[in-house]
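Once you've looked at the hints, dock chain W against the given chain E.
So the sequence lines, in the order shown, correspond to chains E and W. Just so we're aligned: 251 in this note's numbering is position 251 of the first sequence, and the numbers increase by one with no gaps anywhere. Just so we're aligned: 281 in this note's numbering is position 281 of the second sequence, and the numbers increase by one with no gaps anywhere.
In case anyone wonders, no lab produced these hints; they're calculated from the structure. Treat the hints with care, since some could be wrong.
[Said to hold, decoys possible] What follows is a list of derived Cβ distance ranges for each label pair:
| # | chain 1 | residue 1 | chain 2 | residue 2 | range |
| --- | --- | --- | --- | --- | --- |
| 1 | W | Ile167 | E | Ile92 | 53 to 61 Å |
| 2 | W | Thr176 | E | Val64 | 48 to 56 Å |
| 3 | E | Leu145 | W | Ala315 | 46 to 54 Å |
| 4 | E | Val64 | W | Met291 | 24 to 32 Å |
| 5 | W | Val230 | E | Pro127 | 42 to 50 Å |
| 6 | W | Val230 | E | Leu74 | 37 to 45 Å |
| 7 | E | Val279 | W | Ile167 | 42 to 50 Å |
| 8 | W | Ala150 | E | Val93 | 46 to 54 Å |
Just so you know, even glycine gets a beta-carbon here, dropped at the ideal spot from N, CA and C.
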Amino acid sequence: MGALGQFLQSIPVDLLLIQTVNGIVAGMILALVASGLTLIFGIMDVVNFAHGELFMLGAYFGFVVFSATGSFWLALFGSSLIVAILGAAMQIVALRPLIGRDPLNTILVTFGVSLILQNYALWQFGPVVRKIPEPISSQFTLFYLQYPWYRILIAALSAAIIGGFWLFLKYGKFGIWIRATAQDRTMAQAMGIPVPLVYTGVFAIGAAMAAASGVLFAPMVGVSHTMGLDWVLKAFIVVVVGGMGNFGGSIAAAILISLVESYAAIWVNPSQAVIVSFVILILTLLFRPTGLFATTPR
Amino acid sequence: MTTAPLDKSRMLPGGAGLRHTAIFWIAFCLLMAALIAAPLVLSEFWRRLLTEILIWGLLAMSSDLLIGYTGMVSFGHSAFFGLGMYGAASALLIVDPPNLWLAILFGLVSAAGAALFVAYFSTRLRDIYFAITTLIFSQIFYVIIFTWTAVTGGENGLIFTRPHLSIPFLYNARFTSTTMHWFVLAIVAVSYLILRRVTQSPFGMVLQSIRENEPRTRAIGYRVERFKMVAVMLSGLFAGLAGVLYAIQNEFAAPDFVYFLTSGETVIYNVMGGIGTLVGPIVGAGFFHLMRELLSRFLGDQFPYLIPLGITFIAMIIFLPQGIMGFARRWLNE
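Just chain E, same shape as in the assembly (with noise of 0.2 Å):
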């Protein structure tokens, strides 16, 4: 009892707390960009693994509208905009042709994708760290530290992008579109829905979600040609964790596991709490591998 009551008194309680909003605030953009990520599986069946380079190229983007209009806002939907442009024609481009073969053949050619756009932003952009400043610099205290206001605003932003996404989802006709078209394709088509166009919008649709939230993030790290590539595999972690294609379950996993890999990060090095996911992934590949948040085991 003693060593655990040690144990206890040694858990910085300040820190966990400061963690834990470190950890929903990383949580909810890891949503965004894997809830665009589940989207595209869900619908299509391609395995997206483009999709940490869109998020890539969302950010670029935004430093470039940025730089010429200094305005965070037009450059956030200015960038989620060409993204998502470049999407409907990677999609139209590169997967349109694949439609009725092996999913695994979307996983190849989007990777295809991915080492173009990437070398695309090396040659274009440099391997400078480019910065996009935060559009608030208010700060306030949280126990010592002057936590930064955006970093809140960046979490209830994405909310917001979600929430939207999932009333449009609800109650929009293109959203019902999509949704039917997931339940049935053959149906969908037969009851007169443009499957492909359909197809193109959710590509689209996915891809703005990821540049939105390259933006959001920018200003936290700053902009380089590599950042897609940590986000993609934590992006696929979190979809598989919370079940492909599962949309309310990628977005608690994203949670879930920004929490745990931030707790970890009190004791460790942050780049070693990557592989605490990682165990999370495979004990949930082994247990319920239709992810954690399947309402029915297949």
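Structure of chain W alone, referenced to chain E:
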């Protein structure tokens, strides 16, 4: 995965099969003769490139056993390759004087250890789940190697001197780039023959039937999971061997090679060359590295060669899913 057509003549006894075997051995000997003679003709630079292509080819060939023959796309071969590298490096740094064969043994053992670990967990899953799991596992190894600086040298990796090429009682001399090439060629050729034998054995047939129809294979009574585990381990072993060779050729082990981009390139070699052919992946690796070399020669070092190569790769998946070898085979048949 798109499947390569089964070579019927190989399975039939008698005339057609015999002729096919004869053609195969003649082609094999001619190609070997050309590759043995190559370093005597080529300049130092191209000699090194050719050796490197053979090593990447071995890595790609090892993953072809999974992609082409068992129908499992592995995105984690960098882990086996990297552990082969680090295993060899550890043997060369710990044991004095450095011994070539011990390096190979250490490399193979560490790659096999990693392969056992990965195989145990990942073979319970199929298709993209298998691909993602292997990818995540290779990243686990990457993070461990990258952050365990005391043992692995962290970001800088390990640097060591190349051991002598020693055949007990017969030969003992420093590696030159020519003997290095012959040594690599010998190992790759033997590995190829072993892998070819494996794919034609009853074991290989079971793997192919898993690729064609897993539930049915299980229903016939084969323990699919065991076959898959052995396949992953065998594949990991050869990938580790490629890692050992690469480490010996370049005299270093670096964490970059454990990063999943290496696995991705391995898959690219396979798809470009033609999966399910064993030779194809080597051709694919050659094609990839030659293109890369030519592109950076003509367009400058700064040019992002992966952009045109990536476009070629995507175009090949869409229009030429059998790869260069599949295309060549069809063209020859016509």
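Against the structure, the hints come out as follows:
A beta carbon spacing of about 58 Å between Ile167 (chain W) and Ile92 (chain E) agrees with the range 53 to 61 Å that was offered as a hint. Taking the beta carbon of each, Thr176 (chain W) and Val64 (chain E) are about 51 Å apart, inside 48 to 56 Å as hinted. One distance hint, 46 to 54 Å for the beta-carbon pair Leu145 (chain E) and Ala315 (chain W), holds here, with the actual separation near 52 Å. Evaluation of the 24 to 32 Å hint for Val64 (chain E) and Met291 (chain W) yields a pass: the beta carbon distance comes to about 31 Å.
With their beta carbons about 43 Å apart, Val230 (chain W) and Pro127 (chain E) fall inside the hinted range of 42 to 50 Å. As the Cβ distance of Val230 (chain W) to Leu74 (chain E) is approximately 58 Å, the hint placing it in 37 to 45 Å is violated. Hint check: Val279 (chain E) to Ile167 (chain W), Cβ distance near 45 Å, so the stated range 42 to 50 Å holds. Between Ala150 (chain W) and Val93 (chain E) the C-beta distance comes to about 48 Å, which sits within the given range of 46 to 54 Å.
Violated hint for the displayed structure: number 6, the only one.
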